[in-house]
Amino acid sequence: MIEVSNIEKSFDGTAVLKGISCVFETGKCNLLLGGSGTGKSVLLQCIVGLMKPDIGSITFDGTIYTNSKVDIRQEIRRKIGMLFQGSALFDSMTVAENVEFPLQMLTPEMTPEERRERVAFCLKRVGLENAGNKMPAEISGGMKKRVGIARAIAPQCTYLFCDEPNSGLDPATSIKIDQLIYEITHEYDITTVIVTHDMNSVIEIGEHIIFLHQGKKLWDGTKEEILNATVPELRDFIFSSSLVRAAKRIDEETEGGMAAFAEEGDAGAGI
Amino acid sequence: MLKTFGTFILFLRGMVTRTESFRVLWNRTMEEAMLIGVDSIVIVSIVSAFIGAVTCVQIAYNLTNPLIPQSTIGYMVREMTILELAPTITSIVLAGKVGSSIAGGLGTMRITEQVSALEVMGINSTSYLVLPRIIAALLMFPLLVIVAMMLSILGGYLAGTLTGVMTSQAYIEGIRTDFIPYNIVFALIKAVVFAFLVSGISAFKGYYTTGGALEVGAASTGAVTNSIIAILLADFALAALLL
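Protein chains in written order, with the UniProt record's numbering: chain W, 1 to 271; chain Y, 1 to 243.
Calculated directly from the structure, the hints in this document are not laboratory data.
Model, not experiment: these values are computed from the prediction.
Don't take every hint at face value.
[Unchecked claim] In the DSS-like style, the derived pairs of lysine-lysine whose C-alpha atoms are separated by at most 30 Å in a straight line are:
(1) W:K216 with W:K248
(2) Y:K3 with W:K52
(3) W:K79 with W:K52
(4) Y:K3 with W:K69
(5) Y:K3 with W:K18
(6) W:K134 with W:K79
(7) W:K52 with W:K18
(8) Y:K97 with W:K134
The shape of chain Y in the complex, shown without the other chains (with noise of 0.2 Å):
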């Protein structure tokens, strides 16, 4: 556990070492926002969008005393997504999806010695290949949760008001009430955490990868399941520090 620690702080080292040229990191971190941002967007829509038309539904199931006002549906929504189901269940999306394809591509890459044809080449392959994934995660995650927290919202919004279990002006009151605008920043911390996390953690299981085809897959689920892992556990000691 130790030795992998320590293998991956020389890793993360070794990425910024001998970096390449600027106009070459600029355009692999393009290259590579594309994938992990651009490429995205649709699977966070859905899920962000589902999740807050459900938290809705759910709170208005379990609010029934008729002293609490219906604007506290929307409230709860609102603080839900910002606080917790944004910025980590998009993050848990993001580690299924991003994870696996960056871990799975570099496995592959070193498997069919791509990766030692950069080296031979005198490329720094961890610089090219790793960093602009870690940069286009860090720059795009917080991009994807803040449209996740518009979407969950809206999503809250349509589920509350088409299934009547509210009323519009009581949704847009309750999402407007007690604003803390320091709730915004503490999610877009998450998120960049959570991107490092993501990004980093995947892109060290995928480089690593040794022997074959099954090792690869070994290497996603692996990424995977161990990204999940350190986002819950980022999840509780941020919101431990930073609350």
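Bound-form chain W, shown alone (with noise of 0.2 Å):
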């Protein structure tokens, strides 16, 4: 469970998060939900470690994260997998490197052998496992960010981190990386992070979903709960697009429907 207590943070003076409290379950997909611009992205990175906060505290399972040594920032380090906006590979390592390299760097102990083993059954679990051979310039997008999912979880993550893991990427593509998410939350119980905008990955996989507008958290809840939120950012957020707006309109016509549209989207139901 991370925990995020009274974050502040500014740029130049302009306070871009106003102090933010809220909690990661573990085991759920908590998503990050907000328009452009809200501070998610600047969220994340103050909880990863990227960027220090002004005010406010983070805790990793009761450990504090913020202000603490560096021997216990880079225990809790080494425990953080996460998948960014552009997949952020290694452009001059092979997949398999790729997925290889935290294994490398941050378990010693393993042999190569055991490495390549774990490589596989990683690069098996995001369904990649005969593109170990290609480089990242070779590959999709969407192939892209199974590598960095694979090369996340490889060494075993407690806390995974996804910016955006949905961006440039077509439909259908997005729905399979929320379910890969998805599936790997709650096969290794950990705690999941996901920065979005996508109302299709709300509907997926928003076991936990926490709203920002303009830096400040306005609500949170549940997928189920979402959709009758009253919160008028809220609202014009998710409504913003017609498609949202139409299955509203159906809902009200037949009492209940958007509800049934939510719990047919849960990820988890159709694998």
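Build the complex from these two chains, which are given one at a time in their own frames, with help from the hints.
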């Protein structure tokens, strides 16, 4: 479990995060939802330690991460897996070498044979068992995301962070990536935090959703609750899509069809 | 300016604190040594051989007084090559080739979040990415300068003898006259200092790149320009201090 307490962050006097407090639960897909420029990615970077918050604290399973000693931060970081928006694969390495890299660096006690087995397992888990020898430039965007996930889970991470995992992907591939993240979260009982502004992801895997608006947390709840939320900014965000507006209209006409729509979207149900 | 210098010092300090294991550092240094050293041999050889050749021909053109022996040409080629041309020109060439490569490579890694990926894994990115490049440059620049010295003097010999401006015997006699071994030490000290400046400045410019592809290009250009200026300033300072 990750606890974020009263996080504030400013850039050149402009407040980007304004006292955000929230909890990311273990074994669930926690979604950070919000429009562009609302501070989702900044909050994520503060949590993983790529940025230092001005005020506030972040706790990983009871261990304070912010302002703690380097050794403690290193220990926590080694339990973190992260899927970046652009995948951030190392250009000079093959797909298999990318997945093996954290094992080489973080688990020197593993033999080369054990590492190869783990790489093969992770690549198979994300459906890329035949792509190990390809270079990142030779694979599609969706495959890169899968490699990113394989690299994140290779050292058996406890916390998985995904920064807009669906950006630049077609809807069908987006759903596959969402399902993969959902499966991995439940399979290994890890704490997953996903930054997104994609309503499809909310419907598919939003077990715990935190809505940010202009640097503040305005709402949190589940995907079943979000459709009936009364926060005006959240409703504006959700119903900015004509597809969701149409679904809501049907919901009102059929009295509750929308909830069924959300339930159908459960990635776990389709596995 | 002062703030940038302070950031540069902190950047160097971060590189040597919490370093990766010796095995990782060794492997990475050898990889970089191949890129910085072996891949630069051709360009360094071509530049140094031609500089030696041109130096010889131009000195011969200017030394028309019959009272000055022909061997003076060989002597002057050797002195100019060892003291100035081989270390400085080679380092300037390497600032263009290696410096832009270091800045461009790190800049691209930065904007594509590869540096962030290392940090999230708990790896000290400056230690992993920058330290091996600097060590490799410190090892390779002096070796390349030695190659440049030899080829430059050889270039002078070939140019002098093939164009007929001097005899083979006079040239060899010239390059053996009044040899001061300290000059070689001085040249190698210069090579090490220039290696640090080129690799350190280029890595600094690349590592702190922000933005997109345009900024990566700007970082490469800035790295080359700043490295060359630093080389010339250090060249003067070293000459004043050590000669």
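Structure-based check of all given hints:
{"no.": "1", "hint": "W:K216 with W:K248", "result": "holds (26 Å)"}
{"no.": "2", "hint": "Y:K3 with W:K52", "result": "holds (20 Å)"}
{"no.": "3", "hint": "W:K79 with W:K52", "result": "holds (19 Å)"}
{"no.": "4", "hint": "Y:K3 with W:K69", "result": "holds (26 Å)"}
{"no.": "5", "hint": "Y:K3 with W:K18", "result": "holds (29 Å)"}
{"no.": "6", "hint": "W:K134 with W:K79", "result": "holds (27 Å)"}
{"no.": "7", "hint": "W:K52 with W:K18", "result": "holds (14 Å)"}
{"no.": "8", "hint": "Y:K97 with W:K134", "result": "holds (28 Å)"}
Hint compliance for this structure: no hint is broken.
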